[in-house]
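The hints should help you fit chains B, C and D onto chain A, whose structure is shown.
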Amino acid sequence: MTIRERGYAHWDGELEESKFSWWPIATYGVKLTFKKKFFKSFFFFTFIPALAYLGGIYVSERLEDFHFMIEESAPFIQVNPAYFKSYFTNDFLLFIIVMIIIFAGAGLISDDIKYNALQLYFSRPLKKKDYFIGKASVIFFFMALITLIPGLIFLLTKIIFSGSFKFVLSYPWLPFSTLGYSLILIVFFSFYSLSISSLSKNRRYVAVMIFGIYFFSDIFFQIFYGIFKNQYFSLLSIKANLKQIGAFIFGQKLPYSIPWFYSFLFIIAFCTFGGLVLKRRVKGVVIVK
Amino acid sequence: MTSVIETHKLCKWYGDVLGLNDVSLKIESGITGLLGPNGAGKSTLLKLITGQLKPNIGTIMVAGEKVRNNYSLFSKIGFCPEQDSFYEEMTGLQFISGLLRLNHYPFPEAQIRAKKALEIVELVDEEDRVLRSYSRGMRQRLKFAQAVAHDPEIIILDEPLNGIDPLAKRKLIRLIKDYRDKGKTIIVSSHVLPEIEAMTRRVILIHQGKIFAQGDIHYIRDLIDSHPHIISVKCSDPRGLAEKLIKEECILKINFGSSKGSLLIETNNRDRFFGVIPFLVVENDMEVYEITSPDDNLQAVFDYLIGK
Amino acid sequence: MCKKNKVGIQFFLQSINDVFCFFFDLGKRAKKTRIFYLISFLPVMMALLIKFLQPFYSNRNIEDPYIFSNMIMVFYLQFLILILSLFFGTSVCSEEIEGKTLIYLITRPISKASIIIGKYGAYMVLVILMTVIGVFLSFMILNINNLLDFSIYKVLLRDVSVLILGIICYSAFFTFIGTFIKRSILFGLIFSFGWENVIQYFPGSTQRFTIAHYLKSLLPSASSTRFSFLLFRLEPTSPRVAVLILIILTAIFLAIACLLFTVKDYILED
Amino acid sequence: MTIEVNNLHFSYGKLKALDGVNINLNQGSIGLLGPNGAGKSTLIRILLGFLQVEKGEGKVLGYDIRTQQSDIRRFVGYMPEDDCFIPGMDAVCFTSYFGELSGMPHEEAMKRAHEVLFYVGLEESRYRQIETYSRGMKQRLKIAQAIVHDPKLILFDEPTSGLDPRGRREMLELIMDISSKKNIQVLISSHILPDIENTCSYVVILNKGKLVAQGDIKELKQIKYSLYEVKIKGESRNFLRSLRERQCKVEKTEDGLLKIYMPPGHNPQDIFMIAANEKIQIRHFLKSQTPLEDIFARAVGVD
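Protein chains in written order, with the working numbering: chain A, 1 to 289; chain B, 1 to 308; chain C, 1 to 270; chain D, 1 to 303.
Extracted from the complex, chain A is given alone in its bound form (with noise of 0.2 Å):
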């Protein structure tokens, strides 16, 4: 008969090097955002323009049952990559997409700056890798369920819909265009949000700033493309390079007649420098002289 000592016990368990070691990073995040007030009513609001594209599929497969409403606009139902291109980079969507990483993705850094909890997560066995990775991922998350999933769902509705791997056929390199943007899409503004999120304590002034920096790039380009007409102005703004790469990977017209790859640039050298950025701002310990 063993009576249980009182006080502290060991546990007997193995603590193990895992390589996932960002991951319990990755699901608490994502638990905390959804436990913050008003978050489930605004989540539903993201679902709007993909509830509508799928809509638009389903008239086009009842073209005939509609075309009494909607003789002229019929090409606009077509569903072909253009559909996906338009969905992908429609000016709305890049709203909500803002929306989201500004409610989720502005604390994520900037509150544990704030309680400072960063020396608590680096006195773990805990690389500055593995926390970029799992602090990204909580943004790779929600910003799925607005890109790549409805990308996704697309698709499959599509073939459910008319019945065949026709269209599939047709456009095989389709699935892979739609998994390569929206994967771009999240790292682009993983490296965004979380650097902008880790220049500042304060919650608020993170938000202006994401917001304020993407919709000044567009501001910016458009007035200076009104009064110069030249393209190149494009590089500026941070959705026209979106939507030049949007364009390229489904294969449809550039919309702005530069070389695409100059926004590919844009993009990779805007990742570096947020990158730069979070390496220096996060670190274990504040030097506060």
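It should be emphasised that the hints constitute simulated quantities derived from the structure, not laboratory data. In this text, all values refer to a predicted model and were calculated from it rather than measured experimentally.
When the alpha-carbon atoms are kept at most 35 Å apart in a straight line, the in silico DSBU-like pairs for lysine-lysine are as follows: (1) D:K111 / A:K283; (2) C:K100 / C:K32; (3) B:K9 / C:K112; (4) B:K210 / D:K233.
Facing chain D, from chain B, some residues (calculated, C-beta under 8 Å): (5) G39; (6) V192; (7) D271; (8) F274; (9) I277; (10) P278; (11) V281; (12) V282; (13) E290.
All residues carry an ideal CB built from backbone N, CA and C; glycine is no exception.
Using the frame of chain A, we list chains B, C and D on its own:
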């Protein structure tokens, strides 16, 4: 003495967390100590008295006037908050003189008063430094200066001595006493008994939102004396001492402590017990190494009062 | 002897003025104000860049006043004053709560309403200063060659007054939001960039429900151009009515903000 | 050998935080003493690898601090000085989160979190949000996250600062229980001397980045001359007079404590004899060896 602050059946809860439960007080001029462990409801009571929170039940009268949204009363009240939060980008002088302007002092007079207040708390040579660079002790003294700069009749201090080094503590206690001698009404909240004892004899004991005792500290001390006390004695011959002590009727219980030569004695009459000890030690020529009373602190007072 | 508290408007105005000076000094010195000053100089930088690039595109014959009124003004109206009023409006209340410095204000012999109005006023003056300097400089840069004919200054005056009116109304609205909702920034962004843009696609008088509509109806030249931001079909209300409505809206929002601030218990422990 | 550091140099810009520190500590609970700014926190941060070492090298639990950082952090628990928590989480979620980050599987971490929270005394408020915690409860939560992965060495940075007496007493009992019976090494950095005195067996005193004194507490505190702390009740004037007749130096501190310095060779029982004749009650009688304060003051050179 007419009571400066009166509360009647005061209750306050945040959501369903009880803050304060049925508190009726009368506070006269001079220093009144508000004593209680962390989370006992001290800050809630002080916030209610200064009208920052709306009571769910009960009324509060300060200097004969209702408190809630009666902002003109604040020219007579000085409040020193517990949080360590400031306008970090202001300098000491700007902070005090700025707040004085909100007390409707014109700019020149605000500057003079601010300088005088900083002199009182000996922060004059730091007046041009930004608040971010102030140490904890300096920030605490600055908060006190902010509370007394407009020369109020009623000064309310929420944990003024918390987390500052002994030297600054002594300085602040002397300051508070000076203001008592000027006839002000001062309420000081704290969770450390000796700090309050060094300032005043009038104490209010508050715990779990209820007022447990109010009155002169020594009255409460004697109250403690009457209740059974544990005294630990370390000596060369504990068994011998125990044998002698058994005969005393003020001894309730004796147990032999875990470490060698230590004795834990429970007595209900400390005066009687301590009176006997010297004689016993001398008669039996015993070596006594230590006499301590482990439960002679605020917590013990509360445990006794709550009847734990 | 404590100040004799003369109850009445004169006392109320006096405390507003005190709060105004307090926060105006603090605002001037704050680090975030300096950063927003830099941001408010972006249009000036843009104007310089435009002037610099113009010789290379001599074939473009867009004359400068058109650039100013259609592009720089739009940038201000649709973006910059929104961001500035959003940040400074919401911080009138939530900044004090987050920084736990509200305690020093509500233990002063001034009414809570005067705190809101005083601080709102201080932040208004700061934002207006930023905007006016920016607009004036960019106007000068873009109209370098015809600085002499005085008709253009009438245009400048009208634009500046519209922007000021916009700032005052938007900030009042965001101050109300700040006292009312915890997640004020996000709601403000959704309102100003979501609601006010989507509304323009709706027919009829639904446009009346945005502040932007009244501001745009004060600017006659803002006809529909290819910028997606502008109203496609703007049925402007007459300028006098628009100004009146804006002022009334400002007053209402401020009154509600003061009421809320006085009634609500702000528990400072976050 | 738990911690081994030789010739360690570190400076923040031109401010020399540590210069030439040599320490080797083994079993038991170690106290790190020094005034604010002596370099205590810097040393702890270097051991944890938050700061890169310029000169000198060191080993923690046998792992080199420059190269085997992740091994060190796997077996070390750290309780930081300032408040640190994650908004929106409750205590169980918080503790198991950091358990998982140390490499524990999810279910084990959750089980262990509950166990540890019971141990630190947060059992009835472990489902509440952390923001609603009082200061004492936050300190206990920091200990919980430091011991959730059953570390071999725990670093406490100012564990008892800002606590009320009861909170301090319980915190010290917790630390003593961890360090004494359960073969876990403990390093406590604090500037409150009594805390170190009754929890640690070995003490290291730092000042201005230099190692000023180190050694076992028992040896350091041999009795050179006898100092007694006495609290009395009753007429004290002639009690003090007769004490001074016996060439004892008496000091009165402000919270009513008498400090009596007995010259060597005098029997402490005389105090009781005088008390008996003067009919004085001795309420508190404590023979305090040369308290750490003196060693500390001497070592640090009272500045």
